[in-house]
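Student: Here's the letter readout for the chains.
There are 2 protein chains.
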Amino acid sequence: MKYKLANRASTLKASEIRELLKLTEQPEIISFAGGLPAPELFPVQDITELTMRILATEGRQALQYSTTEGYLPLREVIANQRMKLASVDTTSDNIIITAGSQQGIDFCARLIINDGDYVICEDPSYMGAINVFNMYNVNYLPIPMDDEGMIIDELEKTLAKHPDAKVIYTIPDFQNPTGRTMSIERRKRLAELAAKYQIPVMEDNPYGELIFEGDRNPAIKSFDADGWVIYLGSFSKTFCPGYRIGWMCADSELISKFVMLKQSADLQCSTIAQREVAYYLRDMNIDSHIKEIIKVYKNRRDLMLDGIKKHFPNNIKYTIPAGGLFTWVELKPEIHAADLLVEALKENVAFVPGGAFFPNGGNTNYLRLNYSNMTEDKIVEGVERLGNVLKRYY
Amino acid sequence: MKYKLANRASTLKASEIRELLKLTEQPEIISFAGGLPAPELFPVQDITELTMRILATEGRQALQYSTTEGYLPLREVIANQRMKLASVDTTSDNIIITAGSQQGIDFCARLIINDGDYVICEDPSYMGAINVFNMYNVNYLPIPMDDEGMIIDELEKTLAKHPDAKVIYTIPDFQNPTGRTMSIERRKRLAELAAKYQIPVMEDNPYGELIFEGDRNPAIKSFDADGWVIYLGSFSKTFCPGYRIGWMCADSELISKFVMLKQSADLQCSTIAQREVAYYLRDMNIDSHIKEIIKVYKNRRDLMLDGIKKHFPNNIKYTIPAGGLFTWVELKPEIHAADLLVEALKENVAFVPGGAFFPNGGNTNYLRLNYSNMTEDKIVEGVERLGNVLKRYY
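Protein chains in written order, with my numbering: chain A, -5 to 388; chain B, -5 to 388.
Heads up, a few of these hints could be off.
In this list, chains with the same sequence are indistinguishable; a pair is considered to hold if it fits within one copy or across any two.
[Stated by the list, open to error] Simulated pairs of lysine-lysine, DSS-like, Cα-Cα distance not exceeding 25 Å:
| no. | residue 1 | residue 2 |
| --- | --- | --- |
| 1 | LYS340 | LYS16 |
| 2 | LYS151 | LYS292 |
| 3 | LYS372 | LYS292 |
| 4 | LYS190 | LYS326 |
| 5 | LYS304 | LYS151 |
| 6 | LYS304 | LYS16 |
| 7 | LYS151 | LYS78 |
| 8 | LYS(-4) | LYS151 |
Derived from the structure by calculation, the hints contain no laboratory data.
Chain A with its partners taken away, still in its complex shape:
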């Protein structure tokens, strides 16, 4: 390249997997690859009504510039409604509106991480967060997981050995990519360790409200007495992703820094989109809407797990997610999931090879399957096709 760029530019690499996954957008493909919500569930009628009302009664304000921290009634209803559901007692002063929780991840990294810092996360973790951290050439301290999420004894050992680690990134509910959920006991201990080691925790929670079994888990933030936890929320899975509206809930000292970052990054989120979400939360029934989503996704998860049981080789391991969008499949160590994807694409079925979710690489024998975005018949058909491809390897 002829341009003299910043050092960080060398971390921005095209990925083979990303190129392969572009193929999955063709309509003939049954894709378990993305993390997309089911568009047939978007509340289009409610959104049409709200938009008409906003444009008719306050169109000029809704299309004008607005405050960087976000629309106050939206920040209020998030504090009083969504954060309360997560057992977090907070106010609008501790909320900033972000362009999805992805922007929250980016802002946390910008505010906290110097080049070469240590970052703690689950092993595996969300690829979109790993890509953010990679821009800072961080050193990862990945913590192994079991069916109760990040193993906190391992976290404790890691913190004792690396008290200079800069941040802990975690997805406690229906984790991406594994679908696993952190137990309440571990959440408490994680919050205690954060306070003890004075290390900020990024609690990324885009899926926590999509619960198939049991109650809403209290957020790690609910056990955080001293402001070490930064909670990242999103409406992409409970309302719709197209508006790009999420939020952060954090100590007000941090919020004021995030506001300055947002001012430089993009001034503010869409004014009208913030009003739409605020009025949807306030005037419509989001909780019954979420119940609808849960009903559909739970059924799709069941169909996928049934299909795996029926059509995948017998000795294969997979997670049973109690909510969210993903299940996680472990293959024999000698199978390379990227090769499997090439074969699967020949049968018009797709998934994400799991290697890219491991911050330090390796682990090529996993795959992530999404069940939220395909219709029931496609899930049944696609899992059977994938099973047939897999059986050639066993």
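Guided by the hints, dock chain B onto chain A, whose structure is given.
Tutor: What follows is chain B alone, placed relative to chain A:
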């Protein structure tokens, strides 16, 4: 602060001016401080029609996730329509959609600038760009201006002395804050110097279509044969700012890096907003809409300049902008514009003290006046009030 943050966090400082300017949001204040377009000109009726059509015919796609580089029909119409108006011959492959041109500034800085790099810009320049560059602790090489914009002989001297300078940031049309426009001859020379010194140019152009006198100037990018110029565009002043839709036009090697940055920063811009803007450009008449805006703003500029002539001290200097949103006033060197603002606020009139626009500080005897956002009677009244305050100093 108890948190161990990144080094760059120390550059995020609350500003006294920003605090003062918060006062200007009260309704009794006649404010020449912001850079807001006139909301009474927003095409609310057209937007209502378009939104209804989109939600009725393609609502589910418009609310779903979409591609990071942006909606293809929007990128196409920008290339074929807006870039053509700026005399730039390009295609959708060279366009990425950004959250306003502010995000374009941020992405350029992230891609190009290492800590401590030299940055060349006009003296004074846009505060929102200076805030972005400050995060990298850059060293500024500010180039003086005259009525034809950045003085290119001075730029040439600076480049000869600092061939390692990393980027040139410029606002060639109706510059913020001065309202000045770079001559065509200088645009050519700037493009030549960029190629000679192999230095990228950020051509920030949010105002170029709001022309009171003369024709649209060819963009610096139109003289750029080798891909050194990154053009930053915006719909905030020609359509409405609430949607946060802008774009970058650049060499495709750079575009592919910007796409990776966008993926990490916020995944994508609002799906529905991109469709609204695309269909507005394609199916409605943006050019006659812009003519309406120009008519109103030109009249407001005239009222402001008339008021300055009538009510400001005789020997005061100010620019006569041929387009855009701002005029720029130079006071006696001993007057501190921030003190003047305190006095002006007592008379319920506001402006931005000019010091904050100078990357290396100083120059406290300037003020920026916006004429796009206040109604005609308020402009007449406000300029008279400000003149009365000013006269106390002369």
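Student: None of the hints should be skipped; say for each whether it holds.
Tutor: Here is how each hint holds up against the structure:
Taking CA atoms no more than 25 Å apart as the test, LYS340 paired with LYS16 passes inside one copy only; the shortest distance there is 14 Å, against 60 Å between copies. Within a single copy, LYS151 and LYS292 get their C-alpha atoms no closer than 37 Å, and across copies no closer than 68 Å, so neither meets the 25 Å cut-off. In this homomeric assembly, LYS372 and LYS292 come within 25 Å of each other (Cα to Cα) only inside a single copy, at 15 Å, whereas the closest approach across copies is 59 Å. Proximity of LYS190 to LYS326 under the C-alpha cut-off of 25 Å is found in neither arrangement, the shortest distances being 40 Å within a copy and 57 Å between copies.
For the homomeric pair LYS304 and LYS151, neither the shortest alpha-carbon distance inside one copy (40 Å) nor that between copies (74 Å) is at most 25 Å. Taking the shortest alpha-carbon separations for LYS304 and LYS16, neither the intra-copy value of 29 Å nor the inter-copy value of 63 Å comes in at or below 25 Å. Within a single copy, LYS151 and LYS78 get their C-alpha atoms no closer than 32 Å, and across copies no closer than 61 Å, so neither meets the 25 Å cut-off. Taking the closest pair of Cα atoms, LYS(-4) and LYS151 come within 25 Å of each other only across two copies (23 Å); inside a single copy the shortest separation is 46 Å, beyond that limit.
Checked against the numbered hints given earlier, the structure breaks hints 2, 4, 5, 6, 7 and satisfies all the rest.
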